[in-house]
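Protein chains in written order, with the working numbering: chain A, 2 to 117; chain B, -18 to 95.
Think of the hints as simulated: they come from the structure by calculation, not from any bench.
Every value quoted in this text rests on a predicted model; they were computed, and no experiment measured them.
Even for Gly, the Cβ is constructed at its ideal location relative to N, Cα and C.
Mixed in with the good hints there might be a few duds.
[Said to hold, decoys possible] Chain A side only, calculated, beta carbon under 8 Å to chain B, not exhaustive: (1) Lys41; (2) Phe43; (3) Leu44; (4) Asn51; (5) Ile56; (6) Ser95.
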Amino acid sequence: DTAVSQTPKYLVTQMGNDKSIKCEQNLGHDTMYWYKQDSKKFLKIMFSYNNKELIINETVPNRFSPKSPDKAHLNLHINSLELGDSAVYFCASSPIGGTDISYEQYFGPGTRLTVT
Amino acid sequence: DQQVKQNSPSLSVQEGRISILNCDYTNSMFDYFLWYKKYPAEGPTFLISISSIKDKNEDGRFTVFLNKSAKHLSLHIVPSQPGDSAVYFCAASESGTSYDKVIFGPGTSLSVIP
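Build the full structure now, drawing on both the sequences and the hints.
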């Protein structure tokens, strides 16, 4: 059973298009995250949601919009894609939310987005 | 501005020997530290963590040491095994809660030679 799954695994698209990446976790976790791993391999937080509420919103262009229909899902919509959006995007979840120590995060396999 | 640094991009160790991966940080507000391991084409997986009230945490072959005054932590793997070959990320947060972001270092690629 896959704990944190992402679809699609690979996404190749042209500049200006709009695309979505879906994430689902079956661990019963309250908190979910989106990370971007750029060409220099740095993993950077983009967003986090706790029980469908936006908690962390990093300095990310407005073209990126997360949507959490329920606490098991956190989707990422990207409008007007640009070349610089090419990266690997990771979804993650963690077992404890709120002010408790969140300990580890469980990551999905990543979605490699290539914008041409 | 890199708040979490891993100055060795790669490390090669013989099987059975000790692997020592180093991490330095600049933010004195960091209170919670984690190590993740990542295989190619997979997401990172949690390995071990330590809070600032401790200076050592052990889990099987993995031990993390924290020197707060030096803003330095290290991950020791002993004995190293070929299956340990992966990229290791050091990460830190101010409180360890969901309200604080986790800052990741750039990773160190470990190769364990049989």
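Which hints, by number, does the structure contradict?
none
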